[in-house]
Amino acid sequence: MAKVKGSIVVDIEKCKGCEVCMPACPQDVIRLAEEVNGKGYHYAHMANPDACIGCANCAIVCPDGVITVYRKKVDA
Amino acid sequence: MAEKITNNDIVQEENLVYKKTDLLTDKSLSYCPGCGHGTAHRLVMEVIEELNAQEETIGIAPVGCSVLAYEFMDIDMQQAAHGRAPALATAIKRLYPEKYVFTYQGDGDLAAIGTAETIHACNRGENITIIFVNNGIYGMTGGQMAPTTLPGMKSSTSPYGRDVETMGSPLKMTELVAQLPGTYFVSRQAVHTPSAVRKAKKAIKKAFENQKLKKGLSFVEIVSNCNSGWKMTPNQSNKWMVDNMFPYYPLGDIKVPEE
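Chains as they are written, first to last, in this note's numbering: chain C, 1 to 76; chain S, 1001 to 1259.
This is chain C alone, in the form it adopts within the complex (with noise of 0.2 Å):
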């Protein structure tokens, strides 16, 4: 069967760490990461990449627009 797989791609230096996309996300994918940009905001970033489906719920509620989405079929 095939399935999807996704991957997110954050602009760190533009994220400001407001954790809208953390509620959006259906796998529990996304996290704040322990460093920080250099505006010193917790930037998001995937926490947990193998479930991300690429459903692109975060990107769509991120105010800032810093989230980048894929999406791949792959044979499973």
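No lab work stands behind these hints, which were simulated from the structure alone.
Glycine included, each C-beta is placed from N, C-alpha and C at the ideal position.
Check each hint, because a few of them may be wrong.
Claimed, not checked - Just so you have them, the derived chain C footprint on chain S, three or more residues with Cβ under 8 Å:
1) 1006-1020
2) 1024-1030
3) 1037-1043
4) 1122-1134
5) 1230-1240
As the list claims (entries may be wrong) - Take a look, some chain C residues computed to stay more than 10 Å from chain S by CB distance:
6) 13
7) 27
8) 28
9) 31
10) 35
11) 36
12) 47
13) 48
14) 49
15) 59
Please arrange chain S on chain C, whose structure you already have, making use of the hints.
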């Protein structure tokens, strides 16, 4: 069994699902973390991109938090005096009737100092689009009470909560303008969840497409959060908005043209 897919295999141009529209500039938004303004900006720009109207759109920036909208929206913009965006939009639309003209205003701009301009532009039925971002507070100046502040809601100028006896009830601008014969499409949306964002985008798209019909003004209110002004985290403020703002400002289309 296929070999293990790595992250680099997925992050390729052909697998792209979603990226920020190029109609938003690469400047970092001046809004507080979690503010709905950013999402609202992006939706407007996505709609203009879908209509392929970057060259045919003129936006009017207000006074308030979104005063710098012209820095972020990569289209022709004007910046109006406080509250006067619908008047400026009227002039621009009459000079350039074939262009898409929209105003982007907050509640301090549209529902307070600009009430007269808003109501008269709606009443005249100008063929423009008004995007009204309502967060129930004056965000930019430090969280003062706005006409849209909820009863009992605390702000820096109503520290014991808005008292309806002395301060009046919140002004429902959207319901008000829906009564006027000049408005063609009136809707209230939000941008706090993915499904709400998708619905809001549909409403904004309709509001822009209506300009070509020349049947009147399209008005879209976006109920938003002001986590800094409400003294909450962004997710707390979104929840507070659902629990408190939505009962008073219910979402949905308020005036839909008959097909």
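Violated hints - listed by number, lowest first: 4, 6, 14 and 15
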